[in-house]
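Counted the way the working numbering counts, the sequence shown spans residues 872 to 1197.
Careful: at least some of the hints might be erroneous.
The calculated SDA-like cross-link candidates involving lysine to any residue, where the alpha carbons are at most 20 Å apart (straight line), are [stated by the list, open to error]:
1) 1035 - 982
2) 914 - 978
3) 1108 - 1128
4) 1075 - 928
5) 1081 - 1062
6) 903 - 941
7) 914 - 1128
8) 1075 - 1002
9) 1035 - 1119
10) 1081 - 1098
11) 1108 - 1002
12) 1098 - 1024
13) 903 - 946
14) 910 - 956
Derived Cβ-Cβ restraints for the label pairs, each shown as a range [unchecked claim]:
15) 1005 - 943: 20 to 26 Å
16) 984 - 1025: 29 to 35 Å
17) 1048 - 953: 51 to 57 Å
18) 1047 - 908: 45 to 51 Å
19) 1048 - 1003: 39 to 45 Å
Read the hints as simulated data drawn from the structure, not as lab findings. The model shown is predicted, which means the values in this text are computed figures rather than measured ones. Idealized CB from N, CA, C, for every residue including glycine.
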Amino acid sequence: MYPGAVITTGYSMNPQRSGYYDRVQHAPSDRKQSDERLKLEIKVAHIRTRETYGTRRLQTELEDNGIIVGRDRLARLRKELRLHCKQKRKFRATTNSDHNLPVTPNLLNQNFTPTAPNQVWVADITYVATREGWLYLAGVKDVYTCEIVGYAMGERMTKELTGKALFMALRSQRPPAGLIHHTDRGSQYCAYDYRVIQEQSGLKTSMSRKGNCYDNAPMESFWGTLKNESLSHYRFKSRDEAISVIREYIEIFYNRHQGKISSDGCLKKEQMVVSAIASTPQIIRWLCLKKEQMVVSAIASTPHISPLFRWPNSVCHFTCHCRQTN
């Protein structure tokens, strides 16, 4: 190297001012950065809800996890992410009302607006295809909570199958006399043995009009949700495999996620609890006096409130709230 030689590196020690401002002007805006963070949360929520929630339900899911976003913005970001709900296939009906068994009048007349749990239950049967043959699923749903309170599965669509589902509901809920139990006119529900169970349990029997699926809309809605969000995306090799998937969906996913706004418009469980407590002066009085144990005791002895606290974490959350007010 010669003395006095100048080494050029190709990099300017004095960058042009225009280049700096160009980079500043083209930096992502706060809104853009916020969108990118939201997209990550939306992807996580989409997977957590098994790719089954639309914009409305996904918005509620995000809010319950402390993320507030407008519906229009959420819809735009979902579109940019190309997120779509799983689609369902069509299924045929299973009701066989061509029999000579006695039927009962329709007590509901499509009035699905009970004011507390264990006032109205609906029941129905559906089927699932497996390589071993059909698997039949009988379910019982509480119209107020939207929870599946009883279900049973088997190889045959019999009165024993529907009876097992009803027994499960009765054992888990222990409803008061006078509960309206609504079904279709299928022979399994008109059978003598099934009617005896209802009479001995103090249930009022109600049945849909012939050929009118809207008379049992809440149960039909659940079947659609089950098949859309789970069953239509499987090809079951065996009945046992289908049973495992159905049981996991009902007990782990569906019943626990009914705290969120569901596709058939059910109230959030938190709203149910607040509404039920607000209508009970005795509990309000103990709350004002900050008597936690008395509040819990009053809840346990109040028929239209105690079932609400059978859900996971309900007692824990309510007790924590009581302590915070002390």
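A quick look at each hint next to the structure:
| no. | hint | result |
| --- | --- | --- |
| 1 | 1035 - 982 | violated (27 Å) |
| 2 | 914 - 978 | violated (44 Å) |
| 3 | 1108 - 1128 | violated (28 Å) |
| 4 | 1075 - 928 | violated (34 Å) |
| 5 | 1081 - 1062 | holds (16 Å) |
| 6 | 903 - 941 | holds (15 Å) |
| 7 | 914 - 1128 | holds (18 Å) |
| 8 | 1075 - 1002 | violated (39 Å) |
| 9 | 1035 - 1119 | holds (18 Å) |
| 10 | 1081 - 1098 | violated (24 Å) |
| 11 | 1108 - 1002 | holds (5 Å) |
| 12 | 1098 - 1024 | holds (15 Å) |
| 13 | 903 - 946 | holds (16 Å) |
| 14 | 910 - 956 | holds (16 Å) |
| 15 | 1005 - 943: 20 to 26 Å | violated (44 Å) |
| 16 | 984 - 1025: 29 to 35 Å | holds (33 Å) |
| 17 | 1048 - 953: 51 to 57 Å | holds (53 Å) |
| 18 | 1047 - 908: 45 to 51 Å | holds (49 Å) |
| 19 | 1048 - 1003: 39 to 45 Å | holds (41 Å) |
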